[in-house]
Amino acid sequence: MLNQDNFWQHNKAVLLFALVALTMPLWFPIMGGYSGLDTKIMIFCIFVVGFDILLGFTGYLSFGHAAFFGISAYVTGIMLKSFSDNIIPAILVAVLAATVVAVIIGLLTLKRTGIYFSILTLAFAEMFDSMAMSMLQKWTGGENGLTGMPTPMLFNLKMQGDTVFYFVTFMAIFLFYMAKRIERSPVGLMMKAIKCNQTRLEFTGINARKYKLLAFVISAVYAAIAGALMVVYEPFVGHEFLGWHQSGEVVIMSVIGGVGTLVGPMLGAGFMLYFENVLSVDLGEQWLLVLGAIFMAVVVFMPGGFMEGIARLKKRYFTTVDGE
Amino acid sequence: MAILDIHQVSLSFGGLKALQNVNLKIEKGTTHALIGPNGAGKSTLLNVLTGMLKPDDGSVMFDGKPLLNVNSFDINQLGIAKVFQTPAVFPEMTVLQNVTIPVFAARDGSFNLNMFEGRAKQRPLIEFAEQQICELGLEKHMYSLAGSLSRGDKRRLEMAICLANKPRLLLLDEPTAGMARHETEKTIELLNSMQDGITKVIVEHDMNVVFSLAEKISVLAQGQIIAEGTPDEIKGHPKVIEAYLGEAQV
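Sequence order for the protein chains is A and B.
Just so you know, this note's numbering puts 60 at position 60 of the first sequence, and the rest follows in order with no gaps.
In this note's numbering, each residue's number is its place in the second sequence (first place is 1) plus 1000.
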């Protein structure tokens, strides 16, 4: 416990992530990754790190986080189009809007646990999806999606190419650092206790519902930031941003990477997007089948995801006396 | 002075009257046992005290404050802790983390937004938790996962969790159920050695445990209190014998 108090121990993961992320433009193209995909991976890193605060810490599996991602993306798009091409007010308003929605959905869905919670969140997300396709068509563009945004600007800086990548990457590093801070805080401990034994927690004087809502809203804020950055990255919003497919993808990324580890889901996001966009070309039409098989293999043989695999390798080859 | 005052509490599940006009006063600082045959309403009464069940009628006062329609966590914050029949701990957390939770709960109340509080500020609290763990003799398991402990050690850990936020009233629901004899003896020892001033209400089937711990005993049968007194008074009480063994043959 004591040796964890120093700076290096606390921020090892964050520094390592920063190193890997910031050097990505150097090594990613060698692996066949096209420029721009690295930005998308960073955006999804933000999404899944936030998602892990909910799923990994409290154990609540949401199938509706695309709602916050999509709402934020739409609001960002509309703001850029009709208010100002500066991304700062657009992102702020978008995240605020998604947060308000998250508080309402959270209050309603967190009354239930397990599968009922998952279904409720899915239902809410689908509601927003169908709203975007019908009554809100005028603003969302319906089937065609929201287009016609000007080039997003960060004050005087054009958000294109590498600028977007570094902006997104710095956000991802900062938000990962924040998530690590939350994990170490008393709040993080309470959230993890919810997953372990909620009854005991309540009988230990803790209002579990408030902590659950907090985790839900924090994860929604992360999803919303990711959604807004998606529009900065590519000035287009389609209704699939809100769809269950999007929510499901985030769940798969988290599970494949290792739920509850914060780092794992980011590995999962990187792997999934790399697979979908690069390896799928080599695999042809069967790529989804292969992805499904990989997912099943991970769940069956490594329920802790990639992180469990890494831990096993570490144990086999680098076992130290204190085990840490 | 009574720390807990249960007044005319009634509760029925459908047609079953689980509790009927129960009146019970628990004196401050005493160990009070609740005994009775299966289905007498002992656990139901404990669940009423912890906010799990709402009675149809009656009132419960703890240290002058009403307990009915209060959330479980608020009841705990008032100073009532409960030890469950099956030890309730946080299995995927270390023993230290398990005990740190109530220490935070004592400092921060039922909710606090301190989500960026660093380890340095938590240090004195973690040290206090470590001390609590040592006091209950679990120091060699400090960093073990709670789920990996033996049943007896889990019980000890649960006690550590309950005692860490300094309760004034400790409710114990069959703390020795399913334990081997040496574990039962250890638990009795633990309960007897507990710091003074904590009032204890214990539901127990094992009469050895009851007679070695309790200063006062209340007997419940069919949702009613049929007898109350010191262990010696209860031992020979005709109503108690009747409740346990059925009507005496004449």
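Worth double-checking, as some hints may not be accurate.
What the hints assert, rightly or not - Taking lysine to aspartate or glutamate pairs in the EDC-like style, the calculated list, with each CA pair at most 20 Å apart, reads: (1) LYS180(A) with GLU1233(B); (2) LYS195(A) with GLU1092(B); (3) LYS180(A) with GLU1092(B); (4) LYS210(A) with ASP1074(B); (5) LYS210(A) with GLU1117(B); (6) LYS210(A) with ASP1108(B); (7) LYS1028(B) with GLU1215(B); (8) LYS12(A) with GLU1117(B); (9) LYS111(A) with ASP1074(B).
As the list claims (entries may be wrong) - To be clear about the criterion: a stretch of chain B counts as covered by chain A if any three or more of its residues have a C-beta under 8 Å from a C-beta of chain A, and this derived list gives those stretches: (10) 1054–1068; (11) 1093–1100; (12) 1105–1117; (13) 1205–1217.
Worth flagging that the hints you see were computed from the coordinates, not collected in a lab.
In this text, a Cβ means the ideal position worked out from N, Cα and C, and glycines have one as well.
Which of the listed hints are broken here? 1, 10, 13
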